[in-house]
Amino acid sequence: MPKAQAAHPLTTPAVSPRLLWTSLAVVALMLLITYLVAFDQGAVSRSGMYLHELMHDGRHLLGVPCH
1 MPKAQAAHPL TTPAVSPRLL WTSLAVVALM LLITYLVAFD QGAVSRSGMY LHELMHDGRH
61 LLGVPCH
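Under the UniProt record's numbering, the first residue of the sequence shown carries the number 1, and numbering increases by one thereafter.
I should point out that these hints are in silico values taken from the structure, not numbers from a laboratory. Treat the numbers as computed from the prediction; the structure is a model and nothing was measured. Possibly wrong hints are sitting among the right ones.
To be verified - Restraint-style ranges between C-beta atoms, simulated for each label pair:
1. PRO17 with HIS60: 37 to 45 Å
2. VAL15 with LEU36: 26 to 34 Å
3. SER16 with GLY63: 31 to 39 Å
4. PRO65 with THR12: 42 to 50 Å
5. MET49 with HIS8: 55 to 63 Å
6. TYR50 with SER23: 27 to 35 Å
7. ALA38 with HIS8: 39 to 47 Å
8. TYR50 with ALA25: 25 to 33 Å
9. MET30 with LEU51: 17 to 25 Å
10. HIS8 with PHE39: 43 to 51 Å
11. LEU31 with LEU51: 15 to 23 Å
For each residue, glycine too, the CB sits at the ideal point set by N, CA and C.
Put together the whole structure using the sequences plus the hints.
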């Protein structure tokens, strides 16, 4: 009687785990920066008026309403 073989042989994933985690970290960082520039009104970025004014000018540059 022949031995039963697996239906699908085991293969390596198409994307390496290192690339996956790096991509996820980049996306998370981009989302954080987008939040800080577009939506944060000083609630999270409590580093003084310099960062607030920089983000405020960035909002105007990107066309995001802030007033």
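Checking against the hints above, which ones are violated?
none
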